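Now for the letters of each chain:
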Amino acid sequence: MLEAIDLARPPMLAPTSLTLHPGQLTGVIGPNGAGKTTLLKALAGLSRGPGTVRLDGHPFLPHPQRLAWLPASRDAVWPIPAAALVQLGLGPAAAPDPAAVSAALSACDAMALAHRPVAQLSTGERARVLLARAIVGRPAWLLLDEPIANLDPGHRLDVMALLASETARGAGVVLALHDLDLARRCDRLLLIVSGAVIADGPPHMVLDTDQLGRVFGVQHGPDGWVRCSRFDH
Amino acid sequence: MRTGLALLCAVLALASLALGPVDLAALWARDPELARNLFIELRLPRTGLALLIGAGLGASGAAAQALFRNPLASPDVLGPSSGAALGAVLAGYFLGAGVIGMAIGGLAGAGLSLLLLLALAGRGAGATRLVLAGVAVSMLLGVAINLALSLAPSPFALYDLMFWLMGSLNDRSLPQLALAAPLILIGIVLLLRAAPALDTLALGEEVAQSLGVGLSAVQARVVLAIALATGAGVAVAGSIGFIGLIVPHLVRPFVRHRPGAAIAPSALAGAALLSAADIAVRLLPAALDLRLGVLTALIGAPFFLCLIMGRR
Amino acid sequence: MLAFASMTTGAVSAATPARVVSLNLCTDEYLLLTARPGQIASISRLGADEQESPLARQARGLATNSGQLSEVIEQRPDLVLTMGHDPQGVALAARLRIRLIALPYPTSPAAVVAQVQQVAALVGNTPAGTTFAARVAALTASAPKAQPGLMIGGSGLAPAMDGLAAGWLRLAGIAQQQGGQISLERLLVQPPPILIRNVYRRGQLSGPQAWSQHPALRQLRVTQVEADGRAFLCGGAAMPAEIARLRKALAT
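As they're listed, the protein sequences go chains V, F and H.
If you want our numbering, it's the position in the first sequence, counting the first as 1, plus 18.
If you want our numbering, it's the position in the second sequence, counting the first as 1, plus 641.
If you want our numbering, it's the position in the third sequence, counting the first as 1, plus 1394.
There may be inaccurate statements among the hints.
[As the list claims (entries may be wrong)] Residues from chain H shown here face chain F by an in silico Cβ test under 8 Å; the list is partial:
(1) S1577
(2) R1580
(3) A1604
(4) H1608
Since the hints were made in silico from the structure, they are not lab data.
None of these values were measured; they are calculated from a predicted model.
C-beta atoms are modelled at their ideal positions from N, C-alpha and C, and glycine is treated no differently.
Generate the whole structure from the sequences, applying the supplied hints.
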């Protein structure tokens, strides 16, 4: 169980209390700059500020097996081969584990990239390798900031399926995303606007027409998503 | 790779012990006592210092590039060399310290310059800010050295500036080796112990933090280790540049570009490279009178340029 | 042979200038040797520093300058002496109509004698120059037979065999064996019969001075004598006394 108690990061995030459960896929949606990344980083224990985060009742220290964080940025300074990079996800004290690395790479459809230097991959390829890095340690919690942002439609579906299987093995997954269609596949959605969670529940409830119109200025029509005025709702 | 490098170091060490203005073998036949003294007091310190200072510079270069996530980082740019020179100059000129005192001054100078670096950059600063702070500290210290030597009581102090800017291993003594050796070795060991954390840092500072690598702690440890690994060397032999910059680049392709894993082979490669350069200095015609620091710059500067061009 | 490349500017003043300034350590020494008290308006800092010149004690109470002409203008000197190449000083002196004489670096004891005589004439004390010349002539006449030896300074640098210092050493009975950078190894294996260490600023250490403290030198079993580095800085007015002292040290 991952709990946030009055977690705040002024001015980006207002005091928020949440309880997240393992085995669930939780999506975090909201307009740009709403505070999605701030919330995720705070939950991951990567930023300092008011409020507490508890893992299974205790304040936690970061550890490869407890929690994995995947930031939105895809930059890679060193041309490390993908397999070696994924190995680093096991943590500084880990012994080499080629089996785990291969499993993670194939789960992300990146086995073909195993020996290619990360810095030379396309953004989408790199995104898959970095995701493999995040799951390789089979952590109890996965916090991912826009993991599907650079992926093509096929791989997007693949990643959502992968995350679903992670929850099936008992992990808790929280991801920030902009794709409202894929957001429907989550078990739970948090809608954040201007630093506050204004909706929290199953997708069909959070993604209701009025909310979407007000928050994003879009509505779902027969031909897909279209713009609408925010003030019609 | 490590065995290959270690063997290379051994070969170069033997060559270094055997080379000199005097034919040691012939002398041994004539006057073994004198040959022994020459070997212990002159050949041994020179060879030992070339290996150790080279190793310290190589390891520090690899660690600096890993910590700052920048392939152009090196002890030359970040300040410890200038700091060490300043510390030694202050100890020698203004405090009247002896050779040992100057080495301690050099160490203190390197450490203080790196602390200044961290203070300037701020706690847990990103790579860019650290490198910029390092350049600022380096420039500041360069000016300070000039100032110190200009204000120094002796008008001939400015001739010493060349010694500090372009180092040399000529005629180093056993006490100098005995002083520098433990400090450099401790520094290298600390850097080796930080290698796994530095590898993890390649994933980015946030991700490394989430994997349990405390950024501030790693920074402090690595900075202290670099001060030890480079400061003592500078105090004893002057500034020797470019080894710390070049060697990691030569070595990283063989460790799959993992920056932390490059530290150990960089130490060996640095030892080999500096020994080779010092041997070259001794083999060149005497008329040239090329100092070691000048030679490493002559090799290093074009390499550095190629590096920059290659990155475009 | 006497390089009389002095650059005289402005009108030639009276035979005895009242206010003479020196901007350089070596001309400081010339002045201290030849000028009358009260004639010297200012000498350089170095000339008054006991760590730089053996004649510094004579400079007690004198005003000092940092070697820049602009600093001494307000003292309205009749004559300014300096040594070496100083185009800016010369140009400035010309503009201000100050008499500035820049002596060239002497390359032999004979040149030093000529310069001392020249300065003595300039300050209106020719006898002082004559005395100095006589002293050096006496030293030259009584010079012991030259034996090979080696003088070494900081960083293991030995003065050139045909230079000013070597010229003076001959008057002490030493023929400088070698010049330039001395290899410590060669020094140990082929030691000179006599080693003269040029000691300058003993208490103050710097990288190059560490050379002279090398432990290997302690094992050198040759006659070792110390030379006063201060006198050899200029190799000028202070040399006769230093040569006499060296002779005594070498005789023991």
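Comparing the hints with the structure gives:
1. Residue-level restraint check for H:S1577 holds (minimum Cβ-Cβ distance to chain F is 4 Å; threshold 8 Å).
2. For the restraint placing H:R1580 at the interface with chain F, the shortest Cβ-Cβ distance is roughly 5 Å, inside the 8 Å limit, so the hint holds.
3. Taking 8 Å as the C-beta contact cut-off toward chain F, the hint placing H:A1604 at the interface holds, the least distance being around 5 Å.
4. At a threshold of 8 Å, the smallest CB-CB gap from H:H1608 to chain F is about 5 Å, leaving the interface hint in force.
In summary, the structure agrees with every hint in the numbered list given earlier.
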